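Asks: As a plain string of letters, each chain reads:
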Amino acid sequence: MTQGELGGDIEVRKNEFGMAMQSWGFFGYIRFKFPDMKLAYFPLRKMVETVARVIVDKNITALASFNPNEITFGFDHPDHNRVGEVTRLVSAGMTGERKLWLWTSGGKSYLTKKRYEYAKKFYLSQRIPKIILKNIGESYLKIR
Amino acid sequence: MGDFLLINTKNMNRYKNLGITKNDRVGVVIAHPDDEVLMFGLLEYLCQS
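Those protein sequences? They're chains A and B, same order as listed.
With my numbering, the residue at position 130 of the first sequence is 142, and numbering never jumps.
With my numbering, the residue at position 20 of the second sequence is 147, and numbering never jumps.
Derived from the structure by calculation, the hints contain no laboratory data.
Computed from a predicted model, the values in this text were never measured in an experiment.
Every residue gets a Cβ at the ideal spot worked out from N, C-alpha and C, and that includes glycine.
Do not rely on the hints blindly, as some may be mistaken.
[To be verified] No farther apart than 27 angstroms at their CA atoms in a straight line, the calculated lysine-lysine pairs in the BS3-like style are these:
#1 K143(B) - K50(A)
#2 K149(B) - K142(A)
#3 K143(B) - K126(A)
[Stated by the list, open to error] Taking beta-carbon pairs under 10 angstroms as the criterion, some of the chain B residues facing chain A (in silico):
#4 L132
#5 I147
#6 A158
#7 L170
[To be verified] Ranges between beta-carbon positions, derived for each pair:
#8 N144(B) - F39(A): 27 to 37 angstroms
#9 N144(B) - K50(A): 17 to 27 angstroms
#10 T84(A) - M139(B): 29 to 39 angstroms
#11 D21(A) - N150(B): 35 to 45 angstroms
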């Protein structure tokens, strides 16, 4: 949703993300330019409509994002919650099964080594602390 | 609130409980480039399935 401009040079972050996405090799991606750290104050409707257009254009059938109510040390960032809310609203307006999964930090962390290696390989500018990845789990609320 | 799917195992079969099918086109919405690190397991599962 954002370019992560408050976390470093936009071009660097853009390139890092591009390389990371390329490594997965199985999907395309779209970068929006909503303001970093200000999503909570940005008009919700504009974000929902923007994402919804992509969902329709790309024939997306299922969505995953962060739980809008998630507050956990190492994860806590209002932008994360806001994208979860945007996703929930977009999902509500979809047709078909409208599958929706919301990430939560519940449970013990796993794949820590892989996560850390991935972060180190593709996001050199961010220096994501290993302790954060070690302490944050990965679970999902299956909404539908 | 929906079902809580706890995934703290290396067994990727846990993700089957999300109900993802071959026909699904999954969109992952994140706030910043690098946020996907937290969804690493899901991405890996999508990659394998």
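Asks: Check the structure against each numbered hint from earlier and tell me which ones fail, lowest number first.
Replies: 1, 2, 8, 9 and 10
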